[in-house]
Structure formats: C-alpha cells, structure tokens
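This is what each chain is made of:
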Amino acid sequence: MSGKFDVKEGFLYTKDHEWAAPKADGIEVGITAYAVDQLGDITLVNLDVKVGDSVQAGKSFGTIESVKTLSDLFSPVSGKITKINAELESHPELVNEDCYGKGWMVLIDASNPAEKDELLSPSAYGELLKIVDH
Amino acid sequence: MSTEPELRRTPLYDEHKKLGARLVPFAGWEMPVQYRGIVEEHRAVRTAAGLFDVSHMGEIELRGEHAAAVVDYLVTGEAAPLADGRALYTCACNEEGTILDDLIVYRVARDVVLIVCNAGNRDKISAHFRKAAEHHCEFEDRSDQMALLALQGPRALEILGLAGKDAAACAALKSFQFREAVVANVHATVARTGYTGEDGVEIFCSATDAPHLWRTILELGNGRGLEPTGLGARDTLRLEARLALYGNDIDETTNPLEAGLGWIVKLNKPMFIGKDAIHAIASRGITRKLVGFEMTGRGIARHGYPLLDPRGNQVGVCTSGGPSPTLGKNIGLGYLPVALAEVGMRFLVDCRGKSIDAVVVKTPFYKRNDPKKSPAGDRGAA
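So the sequences go chain by chain: H and S. Numbering (our numbering) for the first sequence: 1 to 134. Numbering (our numbering) for the second sequence: 1 to 382.
So here's chain S without its partners, still in its complex pose:
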C-alpha cells in the first residue's frame, strides 16, 4: 500500500534476495523471515548452525571518561564495573520502573561502551542515551555504519574457526566475552552471545564488509550443516530458550521483576533510572508473573490471546506462543496472577473463542547440554 512508510534494508538485502528469502516488514525493516522454512532452519541451529542477519539492531557508542558511568545510570545492571571485553545483558527502565528496552552493554575499553538495542526501539533508546550523555561524554549512533551477524549452533565455533587464525582463537572467548578479531580478512568484533539458546557468536562488522563476511561464512559452513536462518526461526528458538522479546513479553507496561528479569536488576547499585519504583515493587511484591506454559489441549496460543482461569474468567494474557519444533509441543509465555503462576497449575487459553487447556511449566522449555556454561550465559542481542 502506498501509504506505508518505506522499509529500511540491511547491507545484506541483496544476499537475502539471492538466497530466495521471504522478506517481511519487521520494526520498519524489510527482513528475511525464512529461507528454506522455519522448522528446517530451527533444526539447523539446534543440530549444526545457523547464520542470521541482525543488522537491523541499533548500536550506540558512548565515549569518554564518564561513558561507563552514564550507561550505569541508564541501565538496571552493573555496567560500570565491567572489565574490558565483557558484555552484559541488561535493560533500561523509565522512572516508573517499566522497561524501555532490553540491551546488551559491551565494555570495549575504559572509555568506550557499546550498547546494542532492539531495532524497534532504536530512535527511543538513541534519544534517551543521547540526552543522558549530554555534557558528560560523547554519543554516536553507529547503527547505520554497522552490520551484525549471528552465527549460532553447536557447530558455530567450528565454522568460525575456518575463517582464519584470529577467528579460530575466538573459541577461547567465554560466554559474554568479546574481542576484536580478523574474520575472513574482515576487521570485526566477535562476541560469545546469542539469542537462540545455543552456543555461538555475534559478529559486528562495517556495513560495507558485511556481504563478503556473510558469503564467506556460508561457504565455510557448506557441508557442515550451516543454513541461513531468518527471523521466524529466531523467534521459535528464543521462545524455546525463554528469552524475552521486546514488544511481546516485555514493554513499557511491564517491570523487570514480573517479567522474570529480577536477576538483571541490581537494587544495591547507588542509583539508576527506575530504581525507586522497582524497589517499591519489590517491597510490596509483584502481582503477576511471566510464566511458560504448554498447551495440553489442541490449540496454539498466540500473542494477545486471553488466559482464563478454570471458570472462564480472564486472568492474564499470552505474550508469545507457537509450536516448539524441538519439543513437538505448543508452548507459550504469558502473564498470570502470582497465585495462579505455580508450575503445574492449569488454566485455559482463549484461542479465538475456543477455550483450550494449558498448564504452567518450568522454563526454559529447552536447555542445551553444556555443563560448562553459566546459567545466565544465553542472552544475546534481542
């Protein structure tokens, strides 16, 4: 339709076209939702590897002596004490203690901090950080110059290692560590982060280098099970791993405590925006909770479907839902009153007028076998 605003394209748009991707509008961008099929791509990431273009995400850089302190004031986590080369999954809240965005903060150097935000929140977060940086440190929104690829799956590191000596050395990175590296002759930053529940890396490079890097990694993964993977699989993968999606599971009406993100809120920090409000919520206790559930009846819960108590009264709402390719079940996330949010509790999902049985289950729905990983080590760029 002619009234729709023009969609933005990542530097890899032509690559996606060549691969026959289905492109859809997402957060103002024309993005690949799938190449060969969501389920096939999902399985590739769980069993071998997938390569995602997530260049739509926003990258903001703060520079200067006070850069880390400014970031620390804007996020709920402890950004200031991060060591160089360490990343942190966190969120930025408003004064009411609800979530402006979930973010990854990368401590590049003592005076350089990179923040990755969701594509749909880029303008808002960019303005928020720019304002906070005023008179304190330099601010630059680098989103348009930077590309971001996510190489995810049990064979991701093996495939990355074929892209040169320096790339191979990135296997030594621990979860949520990152460093600069030459990957396929491209100057990049490699981070051991992701948004799939699998091992893997996210690779930042310049927009101009992105097509070469994308093609080279796909070639190196040829015969090793690597597939180009789209936003469709990204969504089913992150849901199985119970990683929140901004706009679905969290937004400016939800606080981190009810979203199950209490672990990224450090109330012992001297101050940060939203601290007082979150402290008050913590003191009086949350009223609802984001839970994982499985459909026991025949139906698929979707974002926005009402959740009903056994008598049919609406008590909550589904925030994410769909089939889980790995589990072969229909799963979902949703907010329920705390009293109804215990594992094993039964409720109903109103699937377009039909009440379908569901039960609260433990999350994550899927957890990979890797005893060495830290429990918080899964959250990458959202």
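Next up, chain H with everything else stripped away, as it sits in the complex:
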C-alpha cells in the first residue's frame, strides 16, 4: 500500500494509471486502483485489439467507460497482443472488483525491452498519486 490507493509491488506503472506486470509469457496490462476509483462504476471495456495485433507504447488499445465518463487505455509497452481478457466483455465490473487480478486486460509480447525503463516503479507511482490526488 502506498497512501490511499493500492499500488502493487513488482508491477510497473504509467503516468496515465495503467499497470504493466512482467509475467513468464509477456507483460500483462491493466488499470490501477486509482484509475478505477476515478472512473467509478465501470460499465464497458472496449478492447480495440485482438490477438496478433501490434500495439505501440503510449498509443490507445481501447477505451473504458463508467457511468459518467469514457477514458482511453494506453499501452505501457510496444509489442504483439498474445492474449486478451474476453471476460471483460460481459463482466466489466471485474475491473472494479479486482483491477490488479481478474480485471487484467491484455497480455503483450514486448518488442522493446528498453521501454520498460520508461515506466514508473511502485514508489515513483505512489509519489505521483500523492500529487494528483490532493
């Protein structure tokens, strides 16, 4: 825990509040507890990518909608999509319930390992939250 919002150790973060978790078979991607709190009740997860598609770091791979608002999902790294969480199509609330687990969105086979260095560590992300969540 870092402050009010859960920040997981071992994960990396973007300033747009996505997380990237290095796994044996690629980089798993989702949105952070802070992002979920800001969105509120999530009603729709639109993944605009399918398995085999290429994504670029910092580019949108879909959108997430809550009762109030719509927000882009930005890929933390470049690479090929190797898995998508199809559960979210019928159960977007999984992102509210378990954003670092069952609410994962895509798995990416990263093509540029150097990009990981651009991401925020848990402590750096925790610092960012202190600034944005006043």
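Because the hints were derived from the structure by calculation, they are not lab data. Think of the CB as a built atom: it goes at the ideal place given N, C-alpha and C, for glycine as much as any other residue. A hint or two may mislead.
[What the hints assert, rightly or not] Calculated cross-link-like contacts (lysine-lysine; reagent style PhoX-like; alpha-carbon spacing at most 20 Å):
| id | chain 1 | residue 1 | chain 2 | residue 2 |
| --- | --- | --- | --- | --- |
| 1 | H | K130 | H | K50 |
| 2 | S | K18 | H | K4 |
| 3 | S | K17 | H | K59 |
| 4 | S | K124 | H | K4 |
| 5 | H | K130 | S | K17 |
| 6 | H | K15 | H | K130 |
| 7 | H | K50 | S | K354 |
[To be verified] Short derived list, chain H residues pointing at chain S, Cβ under 7 Å:
| id | residue |
| --- | --- |
| 8 | E9 |
| 9 | G40 |
| 10 | L44 |
| 11 | K59 |
| 12 | D72 |
[As the list claims (entries may be wrong)] Using C-beta positions, here's what the derived DEER-type ranges look like:
| id | chain 1 | residue 1 | chain 2 | residue 2 | range |
| --- | --- | --- | --- | --- | --- |
| 13 | H | D16 | S | E138 | 24 to 32 Å |
| 14 | H | D109 | S | G247 | 44 to 52 Å |
| 15 | H | P113 | S | V343 | 29 to 37 Å |
| 16 | S | E219 | H | P22 | 45 to 53 Å |
| 17 | S | N185 | H | D98 | 46 to 54 Å |
| 18 | S | E40 | H | D25 | 36 to 44 Å |
| 19 | H | G58 | S | G223 | 28 to 36 Å |
Start from chain H and add chain S according to the hints.
Just chain S now, kept in the frame of chain H:
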C-alpha cells in the same frame, strides 16, 4: 491549473468533504459528483431516498404589484394566473424563440415571485430579469443567501415527516405546490418538486441554516435507506426520467417545440418574449426532434456524438447519454430529423469512430408507479 478561475462553494462544502465526496468543477462551482458511487446513489433514490445539495442553482426574487406580470412576459408558461403556493416548470426564450434557460417559477404571494434558474445561467438570467424588472418591480438575486436541498425518493416524505410536525404536514402538498414550513427547527420553504423522476421535495433555506438541516435530514434518514447523493446520480436519474439538462439537451440553439417542451409553451398568452418566433416555428413545423433512444449494439452514446442514418450520413447529434442503472441498458437523448424520429426507427451512433446500432424508444425511459401523479408533475429545479 493556476489560470482556472476560482470555483465557488456552497454552504455545504464542509459537509461534503466530511462525507468523503468527490468534488468536481460544475458550472463554476465545486460540487459533489458522488459520495459512495453513482450507481449505489442512483438506486437509493429509486428505492428509498437521496439528499442532494443543489445550492448552486440561482434564486431570483421579484417583488411588487407587477412582479407576476413581468415574469409572465419573460417565460413561455402562464405565470401570471398561478395561485399562491403554486410552482410552474417553464422556460425563458429569446426573441428567436430559442431557450435562454429552463426555470421553475414559484408564486409566493400576489406580489412575490421566486424564480429558480440553472447555476450556469445565473448571470445571464439574473441580468435578463433585472432589466425586465426595471421601473416595474423590485429585483433581488438571492442566490448567495439561499441554499437548496433536494430530498428525493419513495421514502422522501416519510423522512421529511420525522423533522417535526410542520415538516410532516408537508406531505399534504400536491405536486408543484409549496409552502413555508419549519423543518428541523429551521425556517424553510418546502416544494413538492424534483429532478429525479421520483416523488420528493426541494427545500429552500438560508445559507447559514443549511449545514444543520443537511445533517439533521441525513440523521433522520439513517436506517431508512437515505444516502447523500451527488450530481452524477442526479444526471442518470434525470436522464431516465427524460428531464432535459440545460447545456446538453437544450440551449440557445434549440427551441422548446423541437425539444419536446411544447407543453410548457402557451401560445395563447397575449405576449411573451419569443412568442412570434415560436408561433412561426409551430406554423411551418419543426424539422428535428429530441428523441430518446436505446443502444442495441455494444456502446455508450455520449453528449456530442454524431447520430447517423443507416447509410452512415450524419443526421443528428446525441445530447445526453449513458448507462441507465435502473434499466440496465445504455440510453440517450438526441436530435433527429422528424422523418427519422418515430419510435422504433433504427439509426447509428458514431461512438468515436465506431458505428453502433440504436433505436428510437418511447420516453420517459423510467416512470415510477404512482397513478395519483399528474403527468407533468416531475419537473423540478434543473
């Protein structure tokens, strides 16, 4: 950002902070958008009750022998013949017949009329009424001294009734009636109006009394399902009830007839600002219509999204949209050409480049079960 103008705060700002509300900028005010969550608050209002702070709304008072006549000239409805203690949902138009604001006019006494306008239109409406009042009656913008709470939901009257004998007697008010009452030892005005599609009241009191009244009502509602409710739920509730939101569904580019507000325009009145223009529109017929729709495809329509005919040509625009917590569907309002605006007609919504299927449906999307209510009895302070 440092360049943003300072946001105004209602007398209940500290209460919202204490309750852990998320505060957002709205029409120049720092307002609670949610406390525990929009959907939870929405459900509370549909099943029990919700308490809203709507003190950001503007209150204008006209006093004097000609006060009612001045108001009558400025609005599309029949304000002059209102009986004491009666309120009227109406709008003020410009000479072109488009909407300056939608309003509630409260006939307090023969020579006192209170007008409630939208927060975002306060300066404009205040100036408009002040100018019209010149040489005819007294004008006072009382917005800064007054607070406004909305207690809404099937248990609203029951909870209000716990705030004292006089408050309990307010249950006898019919829709769009109001009276002065002592509520939790506070001198207030209680109106049977609202903006949620549920039964309920709106309570005017002084800014200084507002925190006490707010806290007391929340305490009385404890264990009765009452929740503090924010602007987020207010928006989803009003959308389900198809109550127009100024700035979204109506504005200075829309006329009341195409907005489905013909019922608040009285063209048989001798005169009012915009009458000639609206009469002309009525004679030649409207070209577009504000309709309710449901998304049949997977997508959520939002304010500003283009509406497309089945061939993909833009024919209209979505003015309000979002998920309906009560119906479990994605719904919206938008303007479509009259020929495409019939219930059952299919069209597409351009959701950020994706064309998603939608169908025109009957509105309101949600209507509460209460056979005693008049059909026009839902519209409260916007």
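Going through the hints against the structure:
Between the alpha carbons of K130 (chain H) and K50 (chain H) the distance comes to roughly 35 Å, so the proposed pair goes past 20 Å and is violated. Proposed proximity of K18 (chain S) and K4 (chain H) is supported: the alpha carbons are some 16 Å apart, at most 20 Å. A hinted pair counts as satisfied when its Cα atoms are at most 20 Å apart, and K17 (chain S) with K59 (chain H) does not qualify at roughly 36 Å. Taking the CA atoms of K124 (chain S) and K4 (chain H), the gap is near 41 Å; set against the 20 Å cutoff, the hint is violated.
Between the alpha carbons of K130 (chain H) and K17 (chain S) the distance comes to roughly 18 Å, so the proposed pair stays at or under 20 Å and holds. Only pairs whose Cα atoms come within 20 Å are accepted, and K15 (chain H) paired with K130 (chain H) is accepted, the gap being roughly 12 Å. Under the criterion of a C-alpha separation no larger than 20 Å, the hint pairing K50 (chain H) with K354 (chain S) is consistent with the structure, at around 16 Å. For E9 (chain H), the interface hint is violated, the least distance from its beta-carbon to any beta-carbon of chain S being 27 Å, above 7 Å.
This hint holds: G40 (chain H) has a C-beta 6 Å from the nearest C-beta of chain S, less than the 7 Å allowed. Because the smallest distance between the Cβ of L44 (chain H) and any Cβ of chain S comes to about 6 Å, under 7 Å, the interface hint for this residue holds. At about 15 Å, the closest approach between the beta carbon of K59 (chain H) and any beta carbon in chain S exceeds 7 Å, and the interface hint on this residue is violated. The restraint placing D72 (chain H) at the interface with chain S is violated, with a minimum CB-CB distance near 9 Å, outside the 7 Å limit.
For the hinted restraint 24 to 32 Å between D16 (chain H) and E138 (chain S), the CB-CB distance of approximately 54 Å leaves it violated. In this structure the supplied range 44 to 52 Å holds for D109 (chain H) paired with G247 (chain S), their Cβ-Cβ distance being about 46 Å. A C-beta distance of roughly 57 Å is found between P113 (chain H) and V343 (chain S), which places it outside the suggested range of 29 to 37 Å. As the Cβ distance of E219 (chain S) to P22 (chain H) is approximately 51 Å, the hint placing it in 45 to 53 Å holds.
N185 (chain S) and D98 (chain H) have their C-beta atoms about 47 Å apart, which keeps the hinted 46 to 54 Å range intact. For the pair E40 (chain S) and D25 (chain H), the supplied restraint of 36 to 44 Å holds, since their beta-carbon distance comes to about 38 Å. Separation of G58 (chain H) from G223 (chain S) is about 50 Å and departs from the stated range, judged on CB atoms against 28 to 36 Å.
Violated hints for the displayed structure, listed by number in ascending order: 1, 3, 4, 8, 11, 12, 13, 15, 19.
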